[in-house]
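K.L.:
Take a look at the letters that make up each chain.
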Amino acid sequence: MKDKTAIVGIGQTVFEKKSKDTELILACKAIKNALDDAGIEPREVDSLGSYTFEETEGFEIARNLGFGEVHYWSEAPYGGGASCAAIGQVAMSIASGISEVGVVWRSRKRGDPSSRMWSHAEERMYDHWKWSRPFGLVRPADESSMLMRRYLHEYSYSREDMAHIALSLRKYANNNEKALMHDKELSFDDYMEARMISDPLCLFDNCLESDGAIAVVLVSEQRANKLKQKPAYIHSYSQGMSDQHQLMTDYHGSNPLISSSYTTAKNLYRQSDYSVNDIDVAQFYDAFSPMIPFSLEAYQFCGQGEALGIISEGGIDLDGLLPVNTSGGGMSEVYLHGMNLVVEGVRQIRGTSTSQVKDAKLSLVTTCDATPNAAILLKGD
Amino acid sequence: MIKNIPLPGTDDVHDEIFWKSTLESKLVVQHCSSCDEPRFPPRPMCPYCNSLSSVWKKCSGEGTIYSFVVPRPPLLPAFEELSPYIVALVALKEYPSIRMIGRLKTKEHGDIKSLEEVKFDIDDEVKVSFEKMADDVALPYWTLIT
Chain Z
1 MKDKTAIVGI GQTVFEKKSK DTELILACKA IKNALDDAGI EPREVDSLGS YTFEETEGFE
61 IARNLGFGEV HYWSEAPYGG GASCAAIGQV AMSIASGISE VGVVWRSRKR GDPSSRMWSH
121 AEERMYDHWK WSRPFGLVRP ADESSMLMRR YLHEYSYSRE DMAHIALSLR KYANNNEKAL
181 MHDKELSFDD YMEARMISDP LCLFDNCLES DGAIAVVLVS EQRANKLKQK PAYIHSYSQG
241 MSDQHQLMTD YHGSNPLISS SYTTAKNLYR QSDYSVNDID VAQFYDAFSP MIPFSLEAYQ
301 FCGQGEALGI ISEGGIDLDG LLPVNTSGGG MSEVYLHGMN LVVEGVRQIR GTSTSQVKDA
361 KLSLVTTCDA TPNAAILLKG D
Chain S
1001 MIKNIPLPGT DDVHDEIFWK STLESKLVVQ HCSSCDEPRF PPRPMCPYCN SLSSVWKKCS
1061 GEGTIYSFVV PRPPLLPAFE ELSPYIVALV ALKEYPSIRM IGRLKTKEHG DIKSLEEVKF
1121 DIDDEVKVSF EKMADDVALP YWTLIT
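Protein chains in written order, with the working numbering: chain Z, 1 to 381; chain S, 1001 to 1146.
Bound-form chain Z, shown alone (with noise of 0.2 Å):
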């Protein structure tokens, strides 16, 4: 598997708070943008791969792309979970021979606050959520944040040192002229005074609600090479389900705050040549913003109770110990369900990201890390 394939093909929508045009047509135009900055016909697609959330039916992206014939299909489960998992089976699949041309996609249409799933519960309930929604704690930033607080108790940590996740994204976004908050500067104090979301988090702790898509296209080493962009080889790829773990209220483990990214960053590593200290930059999943500092640590960037410390020191700027990502992130850029991190990766490997990691040669990039989840470690040349 490793360094088998690549991603040589990104592309994306045009990110909205309310888009006109439907899922469908969302799905259709990035990965044709995909597909043309790759320079592969549709015709070659043979390989499909999604989230079980997505909306958009591979067969309907198939007739109305007009891929070939297709020899691959899977969906990765677990919402915020699942980009890198998608991809990850798309590349076995090529890396197999099962396939030779694959695209991933995400498109999502979650501007419209209607659109929130928490706020769709029904009288009763029956799966695991019946332990957590019937006592208020209602909504995935409820769900998060209760894990946040614990590590603020445990470390001795404040809102003040929390205030630099999100100001550290929003820079990266005032250099992303995509990015919704582009234009959008916050100061220390706009966080400080910020109304609460969930106590302790407040809205800049939140990921953006937005429209668009993106999607990205994977081939063999050997195509990949004869083609027109720098390939991004997946270098290591792995998914991670921790003992006793389940759906964003991971209370369940014999210590709540490790979570199934210590499962996929111990896996990830193992199939690598690299150590951590190789890598140059990464992309976190950041549906809420602990999930910032506590991938960090189980990624194996700092020690267990240190993330804050470093992120409120500049860690993940620029020019800090690891920068992060570097295109706004969810929380500044588009909340796509983790799908714009995976495409600023690659990015960060052709170097042409607006907030460029000089010479970047390893690129991490995770899901999120309150689900079961998955991760790829992509390698440039």
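No false leads were slipped in.
Selected chain Z positions facing chain S (Cβ under 10 Å, derived; list incomplete):
1) 116
2) 121
3) 122
4) 123
5) 131
6) 132
7) 133
8) 135
9) 137
10) 146
11) 197
Hints in this document: simulated from the structure, not taken from any laboratory.
Backbone N, C-alpha and C fix where the C-beta goes; we use that ideal spot for every residue, glycine too.
Following the hints, put chain S in place on chain Z, whose structure we already have.
P.N.:
This is chain S only, laid out in the frame that chain Z set:
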């Protein structure tokens, strides 16, 4: 959006005893009949020995606050009316690795409305009570042991 607080389904064979017990103001924990290990949330198979038989044991109903949050709007309408309220994650006294979610209330005044109103913090001790929500379910909630 639903107007009421969403409630658990109580007719699932895997956890119906838990909900029946809440109607009698008892907090029960599922244990494996074979290896006696406790588990939560309830499920059919023991993850330690794979036995499919289990028993339910009443616990003291005491625990400590592992963490808590204060949700603010936008919320489901029933919770917007209550907001700000406090939801705690409570580690049970006899089984510290079992953590249950519930609202934190004072006995006298219902929901605690602000962190300034009542002094408490993570690791403080709490005790369970039950609020009847429907014929088939009472929801556990927690009060501070002072």
